[in-house]
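2 protein chains.
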Amino acid sequence: MSETVTIALDAMSGDLGASTAVEAAFSATRRFDDLRIILVGDEAVLAPLLESRQSDVITTQHASEVVTMDDPLAQALRGKRDSSMRVAVDQVRNGTAAACVSCGNTGALMAIARFVLKTIAGVDRPAIITAIPNIHGHVQMLDLGANVDCTAEHLYQFAVMGSALAAVVDNTESPRVGLLNIGSEDIKGNELVKEAGKLLEESSLDYIGYVEGDQIYMGDVDVVVADGFVGNVSLKTSEGVAKLVKSYLKQEFTRSPLSKVMGLAASPVLKRLAKRIDPDRYNGASLLGLRGIVIKSHGSAGVLALENAVKIARLEAKKGLISRIESAIEAQLTKSGDQ
Amino acid sequence: MSETVTIALDAMSGDLGASTAVEAAFSATRRFDDLRIILVGDEAVLAPLLESRQSDVITTQHASEVVTMDDPLAQALRGKRDSSMRVAVDQVRNGTAAACVSCGNTGALMAIARFVLKTIAGVDRPAIITAIPNIHGHVQMLDLGANVDCTAEHLYQFAVMGSALAAVVDNTESPRVGLLNIGSEDIKGNELVKEAGKLLEESSLDYIGYVEGDQIYMGDVDVVVADGFVGNVSLKTSEGVAKLVKSYLKQEFTRSPLSKVMGLAASPVLKRLAKRIDPDRYNGASLLGLRGIVIKSHGSAGVLALENAVKIARLEAKKGLISRIESAIEAQLTKSGDQ
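Chains W and Y are the protein sequences, given in the same order.
So the first sequence is residues -17 to 321, counted in the working numbering.
So the second sequence is residues -17 to 321, counted in the working numbering.
These aren't lab readings, by the way, just hints derived from the structure by calculation.
Hints should not be assumed to be uniformly reliable.
Treat identical chains as interchangeable: a pair holds within one or across any two.
Unchecked claim - Mimicking PhoX-like on lysine-lysine, the simulated pairs with C-alpha atoms at most 20 Å apart in a straight line are:
1. K257 <-> K228
2. K293 <-> K228
3. K293 <-> K257
4. K180 <-> K232
5. K253 <-> K232
So here's chain W without its partners, still in its complex pose (with noise of 0.2 Å):
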């Protein structure tokens, strides 16, 4: 068997409780043997729902309190340092687990884990990367939405981060990057991404130049560079178009009695294509620069979703993420020095 992989995941912090943790736990373990789970939160809480399922693979760790979706930052960071995000990134810090997982408050994980793990040596910025679905597969996309206000060097560090990342997830030898702008022609776009795209020239990576926003669907690119304010506007005007869609086929298929019989024979077809846009399948972003592994899932995870980014934790894990970003960081800041 190859080596175990340990994930602590923040049991607590999730919309729809510690259960949903637990049964994600049972099955993502089930489904790979080289798993370990620490489920972090109250014993109080998780002793009951463990207690008739006895398992070599799953072990817990007490942490009293949980911060919550409207705790300010200095509170979740100064006020709850017993949460159990806080324990799970400890977690990470200290060894015992290679990465963790939460599906609580973004800033309040972004603020803990800067905190505990700090940033990579010459990474000013931590980011926020995820897969998106498009039509060759999906497109990893940074910053979504750590960085509102970036210089042309943050989006450059977000891109060599964002190519390291892809490299080793979807097994990339040389990841296509491009930035996010609105129009393929080098006088368009605003200073910001001008600047950072006459850095991107000179660097080593495949860099292929601007991309706009329909691109991040239809085109031939792996990671898609943004500042955290654009690449967010983004990705939630995306969830909006989508649902919108899903509202409108709703509608059509129930406007009459005709409709709902066609929407039933083509039920099958449907299902299929809900499946395929399902944003579960695309759970977990990856708090990026940090010197760990924190993965951060949708505050209303079910199973099926929680389980997607524990898979993510550990497959950052096992390919070495932290030290492939140590490298392409390290490789890219000697490039600059030698100029």
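Add chain Y to chain W, keeping to what the hints say.
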């Protein structure tokens, strides 16, 4: 019969050629009794297309040149003073037409329109606005790419103009205006948006606060304001998602003989869905903030799409959009002068 409205239609700049413009002119004038159209373009091209057809409501205006998609701005503006685009805009300036419509290069059209028509007093930068389908019908969104680097004051002016347009075009007494941002809490967002939010809170507009990307499609908002970079990325992202869903639908309904039968069975519903999200129905973006009505149509617009752009031009002209915007801008300026 109500007062007539004359639209100058640049017949040469569309990808599908002058015949499409001619067909759209005939179709639109059949639809609206009060509509007159001036087809602007090369007489040698237009005459054969009109030869066999008599019309009291369609006339032509000769223009010897055409602005291409590749023409640099300087060439479009100063090198081709007899382009169909320029002559169409000229018709608005000299009062021959109440509005103009062009399928040409957006950058060239904006530059020519600004040069010929000038901006409304109090407007620093014209913006591009269009209706986007959403769960409640549609929402007006601006700026879609005219201004990539904006100040808070610019966003504020976009909001005033967008609100005036929605009031006129959508018959909304007090349009709800939202600022596109990445979180609904005050603490989120970039500096630009926060500052613009403060200006809007002090205005007499029905400002509802921040909206996130998904609320463009699902939210209770009539006008969404963003800088041109963010607005364009959001619009193009939406197009990408729509294309992806379309491609998935096609794939799923042709996967097997049985899927094909199901697709056939459901085809009336799928066609209605396709019609509902058909971008042609929303073709026609307004260049807002100029002393005249200028509508930009998609370059690849067919007859139906171009007719829709003409319909928007007619409506804005009939409703006196320019004076409504002038009043709105003046009211806001006076208000801030009072403070």
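Hints, one by one, checked against the model:
1. Both within a single protomer and between protomers do K257 and K228 lie at most 20 Å apart by alpha-carbon distance, with minima of 12 Å and 15 Å respectively.
2. Taking the shortest alpha-carbon separations for K293 and K228, neither the intra-copy value of 27 Å nor the inter-copy value of 29 Å comes in at or below 20 Å.
3. Taking CA atoms no more than 20 Å apart as the test, K293 paired with K257 passes inside one copy only; the shortest distance there is 18 Å, against 40 Å between copies.
4. Taking identical chains as interchangeable, the C-alpha atoms of K180 and K232 are never at most 20 Å apart, the minima being 46 Å within one chain and 39 Å between chains.
5. Within a single copy, K253 and K232 get their C-alpha atoms as close as 12 Å, and across copies as close as 14 Å, so both meet the 20 Å cut-off.
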